[in-house]
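**Student:** Given the coordinates of chain A, work out where chain B should sit on it, guided by the hints.
One-letter residues, chain by chain:
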Amino acid sequence: MAQSTVIQAPGLSTFLKLLKTTPVDPSVEHLISLLKRRQIRNSRPCAIATTALLLRVVGEFKGRDAAKLVERIRQVGRRLTSAQPREVVVGNIVRRVLGLVREVVDENADGQTPTGSEAPTPVPNDSLHRPTLASSMSTFSPLKHAVAEPMHVGVYDGNMSDSGELSRRPPLLSSHTSYAPPSAGPLVNSLFGLFSQPADTPSATSTPTGAHSPNGKTTFTQQNLERLGEMSRGQTSLDLKGEVMEGIRELQDELETSDKQIAEVALEHIHANEIILTHTASTTVQKFLMYAARKRKFTVVHAETYPHDNRDTHGVLLTGRKRELRQDEDDEDDKWKPLTEAGIQVYVIPDSHVFAIMSRVNKVILATHTVLANGSLVAAAGAHMIAKAAKEHQTPVVVLSGVYKLSPVYPFDIDELIEHGDAGGVVPYEDGDFVDKVDVENPLYDYVPADLVDLYITNLGGHAPSYLYRIVADHYRSEDISL
Amino acid sequence: MSDQTAEPAPAAAATSSQPQVAPAASTNGDAKTTKPAEDAPKKLSPAELKKQKQAEKQARRAQQKGPGGPPKEQGTPKDAQKQSKEPKQGAKNEQARPMPLRRRPSQSNVPIQKEPEKKSKKESRQAGVGLFFGHLYSQPKQQSMNGAGKDVHPAVLSLGLQYSSYAICGSTARMVAMLLSFKAVIESYQTPPGTSLARHLTNHHLSPQIEYLRSCRPLSISMGNAIRWLKDVIIKIDPATPEAEAKRDLLEEIDIFIRERVTAADRLIRDLAATKIEPGDVVLTYASSSIVEQAILRAHEAGTPFSVIVVDSKPLFEGKQLARKLANAGVKVRYYLITGASHAIKDATKVFLGAHAMMSNGRLYSRVGTASVSMLASAQSLPVIVLCQSVKFTEKVALDSIVGNEVAPAEELLSEAERRDLLPLKSMLPSSRAASKNDDKAATAEEEKPDTSDVLKWIAESKNLHHLQVLYDVTPAKYIDMVITEYGGLPPSSVPVVHRLSTSI
Numbered sequence: 001m002a003q004s005t006v007i008q009a010p011g012l013s014t015f016l017k018l019l020k021t022t023p024v025d026p027s028v029e030h031l032i033s034l035l036k037r038r039q040i041r042n043s044r045p046c047a048i049a050t051t052a053l054l055l056r057v058v059g060e061f062k063g064r065d066a067a068k069l070v071e072r073i074r075q076v077g078r079r080l081t082s083a084q085p086r087e088v089v090v091g092n093i094v095r096r097v098l099g100l101v102r103e104v105v106d107e108n109a110d111g112q113t114p115t116g117s118e119a120p121t122p123v124p125n126d127s128l129h130r131p132t133l134a135s136s137m138s139t140f141s142p143l144k145h146a147v148a149e150p151m152h153v154g155v156y157d158g159n160m161s162d163s164g165e166l167s168r169r170p171p172l173l174s175s176h177t178s179y180a181p182p183s184a185g186p187l188v189n190s191l192f193g194l195f196s197q198p199a200d201t202p203s204a205t206s207t208p209t210g211a212h213s214p215n216g217k218t219t220f221t222q223q224n225l226e227r228l229g230e231m232s233r234g235q236t237s238l239d240l241k242g243e244v245m246e247g248i249r250e251l252q253d254e255l256e257t258s259d260k261q262i263a264e265v266a267l268e269h270i271h272a273n274e275i276i277l278t279h280t281a282s283t284t285v286q287k288f289l290m291y292a293a294r295k296r297k298f299t300v301v302h303a304e305t306y307p308h309d310n311r312d313t314h315g316v317l318l319t320g321r322k323r324e325l326r327q328d329e330d331d332e333d334d335k336w337k338p339l340t341e342a343g344i345q346v347y348v349i350p351d352s353h354v355f356a357i358m359s360r361v362n363k364v365i366l367a368t369h370t371v372l373a374n375g376s377l378v379a380a381a382g383a384h385m386i387a388k389a390a391k392e393h394q395t396p397v398v399v400l401s402g403v404y405k406l407s408p409v410y411p412f413d414i415d416e417l418i419e420h421g422d423a424g425g426v427v428p429y430e431d432g433d434f435v436d437k438v439d440v441e442n443p444l445y446d447y448v449p450a451d452l453v454d455l456y457i458t459n460l461g462g463h464a465p466s467y468l469y470r471i472v473a474d475h476y477r478s479e480d481i482s483l
Numbered sequence: 001m002s003d004q005t006a007e008p009a010p011a012a013a014a015t016s017s018q019p020q021v022a023p024a025a026s027t028n029g030d031a032k033t034t035k036p037a038e039d040a041p042k043k044l045s046p047a048e049l050k051k052q053k054q055a056e057k058q059a060r061r062a063q064q065k066g067p068g069g070p071p072k073e074q075g076t077p078k079d080a081q082k083q084s085k086e087p088k089q090g091a092k093n094e095q096a097r098p099m100p101l102r103r104r105p106s107q108s109n110v111p112i113q114k115e116p117e118k119k120s121k122k123e124s125r126q127a128g129v130g131l132f133f134g135h136l137y138s139q140p141k142q143q144s145m146n147g148a149g150k151d152v153h154p155a156v157l158s159l160g161l162q163y164s165s166y167a168i169c170g171s172t173a174r175m176v177a178m179l180l181s182f183k184a185v186i187e188s189y190q191t192p193p194g195t196s197l198a199r200h201l202t203n204h205h206l207s208p209q210i211e212y213l214r215s216c217r218p219l220s221i222s223m224g225n226a227i228r229w230l231k232d233v234i235i236k237i238d239p240a241t242p243e244a245e246a247k248r249d250l251l252e253e254i255d256i257f258i259r260e261r262v263t264a265a266d267r268l269i270r271d272l273a274a275t276k277i278e279p280g281d282v283v284l285t286y287a288s289s290s291i292v293e294q295a296i297l298r299a300h301e302a303g304t305p306f307s308v309i310v311v312d313s314k315p316l317f318e319g320k321q322l323a324r325k326l327a328n329a330g331v332k333v334r335y336y337l338i339t340g341a342s343h344a345i346k347d348a349t350k351v352f353l354g355a356h357a358m359m360s361n362g363r364l365y366s367r368v369g370t371a372s373v374s375m376l377a378s379a380q381s382l383p384v385i386v387l388c389q390s391v392k393f394t395e396k397v398a399l400d401s402i403v404g405n406e407v408a409p410a411e412e413l414l415s416e417a418e419r420r421d422l423l424p425l426k427s428m429l430p431s432s433r434a435a436s437k438n439d440d441k442a443a444t445a446e447e448e449k450p451d452t453s454d455v456l457k458w459i460a461e462s463k464n465l466h467h468l469q470v471l472y473d474v475t476p477a478k479y480i481d482m483v484i485t486e487y488g489g490l491p492p493s494s495v496p497v498v499h500r501l502s503t504s505i
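Protein chains in written order, with the UniProt record's numbering: chain A, 1 to 483; chain B, 1 to 505.
Bound-form chain A, shown alone (with noise of 0.2 Å):
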């Protein structure tokens, strides 16, 4: 680690060097370093240092038993999380991991079953294994269960996400387990099924968790996991770990290609000789852009985010690439070309020309930090001044962000989640007499309502954001949501 760190500055490159070589507790305790120090930062490089660092947490843990599984990476992403709480993401792919540790297990305890088939399993499954359940648990009929099942997948899901929501608060965290189910009946269902259902299949064919989620409708509770733990030391050919880093692994593809996919809905949102307005060097939104460009001719205006990221959209603009990308990416010289390569006209301006220019604009397209489960946003500072300012002009605007930056939080407190940099960054350190007097503060993020976001683009499609809790709901199991 020392002669790393003399010959490059630490950061995600390093750390995924340094991760092959070094035990798992040395590494978590690197990445808690790293995190806590910003070298790691932003959404995508958390998230893959998060789900490398998993995926060796996984292929070290000794045993069989899933509740122990479990409670190591909850432990892991406990510490990982209070390192940099603001970095939503770190908690979101351990929870993504937490839940696929609970989908094998489930899937296993599935399979014993002879049937195998999907839909009527977990009725006699449930009814057979759960003696202990709540009452309330138990006045679901297996018949009416089955009956409702095809629909039931959704709104059940939906539920579970906000009685998770409530277990955040202490008073009611034991009630939730029982409390959820029985407002999921199935009377109440057959409506918002019907609406939900469609939209799993886009969920279930691209990401590569989605397509478990079929699972999602045996309920866990933490009697059920405790007897699933029981039934998985039981049986022999439970191959656990081998499933769950299989699953990371997939969770990897879809941190790699999420950008790719959302690139490629691109021609159905630009169109021919637009104007459109975005911030910020974020990768996904230059993407997005890039695969627009190859069809349709468009001007971009960029607003610079000054301070924090106008030089790497400066960089951007004109190599094409992030500086942290450069390192790991040489040889990918020809797919790393700037907008203005394509034909596309790039008009740069400062952050407060923003108002003055959106009356020509026809589409704003925002990059994100952070989605939250409301449809709201973290994303860059002035992100809320330009949404602002689109609504005000009657201008779209769209969100482009992967699934992993879609968190399960809800913003009770929204100055919880807002970053501040150093003044350094807003008052160069020549000025030191000025920063005595004078206090500087330098927001890194802004929080931008639901309201001002007329779409949501991610590597599942376009959505609203007031559809974005099903896709919370989706990918979290409710009893992970506090980690």
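Source of the hints: derived by calculation from the structure; they are not laboratory data.
Even glycine gets a Cβ: it sits at the ideal position worked out from N, Cα and C.
Heads up, a few of these hints could be off.
Straight-line C-alpha distance at most 30 Å; calculated DSS-like pairs for lysine-lysine [said to hold, decoys possible]:
hint : chain 1 : residue 1 : chain 2 : residue 2
1    : A       : Lys391    : B       : Lys346
2    : B       : Lys346    : A       : Lys287
3    : A       : Lys36     : B       : Lys346
Facing chain A, according to a computed beta carbon distance under 10 Å, are these residues of chain B, among others [unchecked claim]:
hint : residue
4    : Tyr189
5    : Gln190
6    : Pro193
7    : Thr195
8    : Lys320
9    : Leu326
10   : Ala327
11   : Lys346
12   : Leu413
13   : Ala417
14   : Asp421
15   : Leu422
16   : Trp458
**Tutor:** Chain B alone, transformed into the frame defined by chain A:
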């Protein structure tokens, strides 16, 4: 795909051979990129296309022959390593010094950029910032005394330079400075025999001065108002009055104008605005306005406990001066950049804004960024108060910030420090990457003498990348709650009425 089909075949055949004649490998890369660029805005007839391409090529050649082109690049690699340390220091020194030096690279760049524009009008519309503010690029900005006519008075000459380097900035300050220098002009004026002062002074002596000032920086609304008033006064001078007396009267009139319309007005506005600041208030202001500063200081002197948030933006960072002055006076000041404006607004209770002008439709024409700040403020239901002398009222109207505005040199978008940060990207530029494919990679690895003006050159060379900067924006009247003038506080809808009253006296 669409690129190739859109280009008419004959034109392609005629012109495609030409780019290859261009010698340097880097231009080859450029030539590739220009094709789609041309197709972008609209379809042109083959003949037009051809003409355009030729003009472009000429322009590119001219650019390369310009100062600091290829010869420098070839010469330096030998002593690159020796020099690699020195220029960095030089750059630091440059940065330490403020505006005037920062502008020097832009000065040298102006003629280079202008050249292609002269060559073909079509191209300038396309390559420039034409899409948004094409209509505002009428004439190049005067940066030196070279082009000035011989009639221009020395006081006006120096004033012009101060305008163009933003040493004198702010519409009131510019107007007062102009009137003071006109006093010097009038003082040294002698009516040629055969004409009268009233007839000759305005048209033949004052106009060249105004023309020169305009070439340095477009006139502010207040300056326009003052000039109109001055011409009016001059015209009304009785031809019978002896010249000495007329000049004395004129100087006196100017003094009175400044005293009444600026000094006294400032005092009235300041006092009224200071009463709007209540104990515990957090006053937010954007950029820098002298009248806002006075009002805040006034309230501070009166002993009201309150704090101030200054929101600022690049490239002028005027707010920094304001924050410094207020902090020196003992006011509690917080400082944000415009990206943090939505956070700043959350803590504020009132917004005070300065004005460049108040439009007759109640809109505020002020430093760019003001509209964003007042939009956020009015979304939070904060009172937005504009402090503005009635001399800045105009009968002009505007709906958006694009129709009328002042374009700032795009080079100023990147400060010296930012340019230095971008220098290491050299090897990754598309043009140099194209070159590196032809040569060995080792050749490009050799660093050339880092020069911060290179960055500007990259941007100028990059066909489709434009930097865009304007100085003002227009704030819709609905965001403004009150305009405080020397006549008192009034809603923005009353601006035209007050303007009529103040000019018809």
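**Student:** Provide an ascending list of the numbers of those earlier hints which the structure does not satisfy.
**Tutor:** Structure breaks hints 2, 4, 5, 6 and 7.
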